Amino acid sequence: MSQLVLFNVFNGLIVGAFYALMALGLSLILNLSGVINFAHGGFLALGAYFAYALIPFVGFWGALVVAPVLVAVLGLGVERVLIRPLYGADPLYSLLLTFGLAYILEDMTRFVWGAQSVPFQAPAILMTPLSGDYFFLTGYRLFMIAIVAAAVGGLFAVLNYTRLGTRIRAGVRDLETVSTLGVNVRILRNLNFGFGIYLAGLAGVLAAGLLGLSPTIGANLIMPSFVAIIVGGLGSLLGTLLGGLLIGVASGLAAVYVPSASEAVIYVMMGLVLLVRPRGLLGEEGRVH
Amino acid sequence: MTLLLVDRLSKRFGSLVAIDEVSLAVEPGELRAIIGPNGAGKTTFFNLVSGLFPPSSGSVRFEGEEITNLTVEERVRRGMARTFQITEVFPELTVADNLRVAVELARGYGLSPWIGRAARRKIGTEIDELLATGDLAGKRHVLVGALSHGDQRAVEIMMALALKPRLLMLDEPTAGMGDQETYDIVRLVRRLHRRQGFTIMLIEHDMRVVFNLADKIMVLAEGRVLAEGTPKEIAANEAVQAAYLGETAR
Amino acid sequence: MSLVRARGLDVLIAAALLSMPFWMAAIGGYTELATRVLVMGLAAMSLNFLLGFTGVLSFGHAAYFGLGAYGAAMAIKYLEAGTIPAIAFGVAAATVAAAIIGALIVRRRGVYFAMVTIAFGQVFYFLAFRWNSVTGGDDGLTGWHRQPLDLGFATLDIFRNDKAFYYFVLVVFALCVAAMAQLIASPFGRTLLAIRENERRARFLGVPIENRIWLSFVISCFFVSAAGALYALLNNFTDPRALRFDLSGNLVIMAVMGGMRSFWGPLIGAGIFVALQDYVSSHTQNWMSVIGLVFVLVVRFFPRGVLGALRRGRPA
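Protein chains in written order, with my numbering: chain L, 48 to 336; chain X, 10 to 259; chain F, 10 to 325.
Excised from the complex, chain L in its bound form (with noise of 0.2 Å):
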């Protein structure tokens, strides 16, 4: 029984790591711009096309690094086209148009490479188990875990040591005083922006290998995405790293004890959450408005 309890808290772990990657990437947007992206899976679909059309040229190694590259790229252009002019107009618009930007991705995405499936293959040295007693600790999704882990780090480490990072986690707090303080608060959003698409596409880089790779790949993790940053709480990072983990991790438990249930599991913690302390574990009191 504890073979299995393993196996499925590690899953969680990996799972509630991707949840994890992918929210903290909208959190970013959101919590400086205040623009829920909608078109963030599409984004990870994406890079996770881009890396399987690079593959045959770079290699694994090489599209990983390069396609989240890419889709930020992209996101910088969005960004800057798109999103801009809506700033100072009601949250309804920006909204709608990262919705109607989720429908463009992703139908662009099945026009190009097309509906069904496409294989995609991650390296065989890494899809080996490491150890026989605990056959699920593959390469793959160690590797996984550190790439997220290096991801994370490299987030707070931008974030805490760095001028952008500083004055992305000013802005937060109060972007009129920033701007006045001399920053350009428009290269600093699409900046942002970026750096919040390029963690989609990495996300995407790394489902593609474990889940397979189809169209549908990004709308299958977004909602998980949004549910991490309500449990994790409005305005912090780190909460959306720990909901992302713990809803992980409770669906994983859940699928021991009471399989059918493991999805349903992230919703009920949610709701639990919304009850009992509605701006999240590490969310702050005021950031309603």
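Treat each hint with caution, since some may be false.
[Stated by the list, open to error] Computed footprint of chain L on chain F, listed as stretches where at least three residues anywhere in the stretch have a Cβ under 8 Å from a Cβ of chain L: (1) 107 to 119; (2) 156 to 169; (3) 308 to 319.
[To be verified] Partial selection, computed: residues in chain X whose CB lies under 7 Å from chain F: (4) 76; (5) 79; (6) 81; (7) 82; (8) 86; (9) 95; (10) 99; (11) 101; (12) 111; (13) 118; (14) 120; (15) 122; (16) 123; (17) 247.
[Unchecked claim] Covered stretches of chain L, as calculated for chain F (at least 3 residues, CB under 8 Å): (18) 74 to 87; (19) 126 to 133; (20) 269 to 276; (21) 308 to 319.
To be clear, the hints were calculated from the coordinates, so they are not data collected in a lab. Small disclaimer: the values here were computed from a predicted structure and weren't measured. In this text, a Cβ means the ideal position worked out from N, Cα and C, and glycines have one as well.
Let chain L serve as the given structure and place chains X and F on it in line with the hints.
Quick look at chains X and F alone, frame taken from chain L:
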């Protein structure tokens, strides 16, 4: 009985002490002005009294009852009404409709899915009276967002009046106004105080307005009460002069 | 009253709707399309009660639309209910859900409120998807159809006669819309407008904001679930797509496209959207991109919507 009794009210934001043990007593029918240099905490004080956020310590009593922990809505229902430094009105509704909302709420129709002709007529009469008081009769069909600054302020004050408040709190009613508009507001407030007997608490920067209207003045500086007294006493108070002179000298 | 409905427009719309099955056929449509316009129009107008008139953004209304649909469908399939009781059942189920969920989320506002509405919307989608035995899962709930309506003095064959069903839907539509209009024009409706216009001022006039938003949410979901029930009846079928967040988004764009700040705007927006979707999906595989493009274009160039743009020329 004392209408508003504030006892050693304090508010801390982290390590910043915005309001430090401020006490005051306002009697019915009084017009109390609160003045002080920028950043003295006057609006924060108003926010505490009106219930926008809770104090760190101290208490507020209204008509003898403890209201320190009541919500804004509950305080409004007990008879406190206020205006804001930046006018808060309903910009895409007409003047008449702005007042209509206030009057209907005051008369308890807030949840009514339907309203009878008789009631509608009575409300209409009250709206007409308010329009006359605020000198807005000719503008009843204008969208408030399109009005001049002074007229918007008048609408806001009329909405507060519609609630038939026992305490009217005005936060810098003449802020950003020219001489004529200031004169009109002063005339309005004086009428409300002298002729209609409203109890008014007023934050003001314009000394002409303060000395023209106030029965008593409270001077706040750096969150603390610097002085209290009649206009004459305050005018002669050296500490007050220093606080203001220090400010203008800056 | 600075309300945004001119009498003339009411008459025009009534005339258009009363005759729609006839002129719809003339422009290359069909009766069922007309009925779909009515149903989605009702749904969009119901959403707009919350969005345009109270100023609160919900992006999860599909959940209640779908609950209405599934409720009605299950009542007919499992309880052999008549048409009216089936609709009532769907509406009741959805309204209870809205009341409970509304209470949980009403303390949030702005984008955060929208987020939780989206998330809760997905809960029901997920339930419909997973609970195969009851809901039919991804294949949807089949094996039932709307029954002829027994009015006592006559029987209206709303099952076989498309036009009869259209006029039945029109009656329900008219009742719902009249109720909404009355609410908006009432003192209660004015407090909702006040919340939209300036929440702080409304609060300082004594309005219990969260309670009123909750009420507006529940009322809005009440009417949207009626539309959902009608939708199930229209298709003699319902599936999880009636609950998915793309329907939620579509409802919002219908309201915005037609004009959020006007009463009839969402109906116009629904008409355009339904017709567009019908036309585009029969001409190209990439209709999703076209719809997505519509979203983007409306937001960037046409945010006030049809009726909003038309009203700009009119004096206050």
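Point to revise | Hinted contact residue 123 of chain X with chain F - closest CB pair below 7 Å | key: 6 Å, holds
**Study point:** Interface hint status, residue 118 of chain X versus chain F (Cβ within 7 Å)
**Key:** 4 Å, holds
Check your understanding: When the nearest CB of chain F is found for residue 99 of chain X, is that gap smaller than 7 Å?
Key -> 4 Å, holds
Check your understanding: Can the stretch 126 to 133 of chain L be counted as covered by chain F under the rule of three residues or more with Cβ-Cβ separation shorter than 8 Å?
Key -> As far as the stretch 126 to 133 of chain L goes, the hint holds, because 3 residues have Cβ atoms under 8 Å from chain F.
Review point. At a threshold of 7 Å, is the proposed contact between residue 95 of chain X and chain F supported by beta-carbon distances?
Key: Given a least distance of 10 Å, the restraint on residue 95 of chain X is violated.
Check your understanding: Does residue 82 of chain X meet its interface restraint, that is, does its C-beta lie within less than 7 Å of any C-beta in chain F?
Key -> Cβ of residue 82 of chain X sits 5 Å from chain F, so the hint holds.
Review point. Are three or more residues of the stretch 308 to 319 of chain F within 8 Å, CB to CB, of chain L?
Key: holds (count 3)
Point to revise | Interface hint compliance - residue 122 of chain X to chain F, C-beta minimum distance less than 7 Å | key: 5 Å, holds
Review point. Per the coverage rule (Cβ-Cβ under 8 Å, at least three residues), is the stretch 308 to 319 of chain L covered by chain F?
Key: Held - the stretch 308 to 319 of chain L has 5 residues with a Cβ nearer than 8 Å to chain F, which meets the minimum of three.
**Study point:** Residue hint residue 81 of chain X, partner chain F, criterion CB-CB below 7 Å
**Key:** At 5 Å from the nearest chain F Cβ, residue 81 of chain X passes the 7 Å test, so the hint holds.
Review point. Counting residues of the stretch 156 to 169 of chain F that have a beta-carbon nearer than 8 Å to any beta-carbon of chain L, does the count reach 3?
Key: With 0 residues close enough to chain L, the hint is violated.
Exercise for review: Hold the hint about residue 120 of chain X up to the distance rule: shortest CB distance to chain F must be less than 7 Å.
Suggested key: Check passed: Cβ of residue 120 of chain X comes within 5 Å of chain F, closer than 7 Å.
Checked against the numbered hints given earlier, this structure breaks hints 2, 4, 5, 9 and 17; the rest are met.
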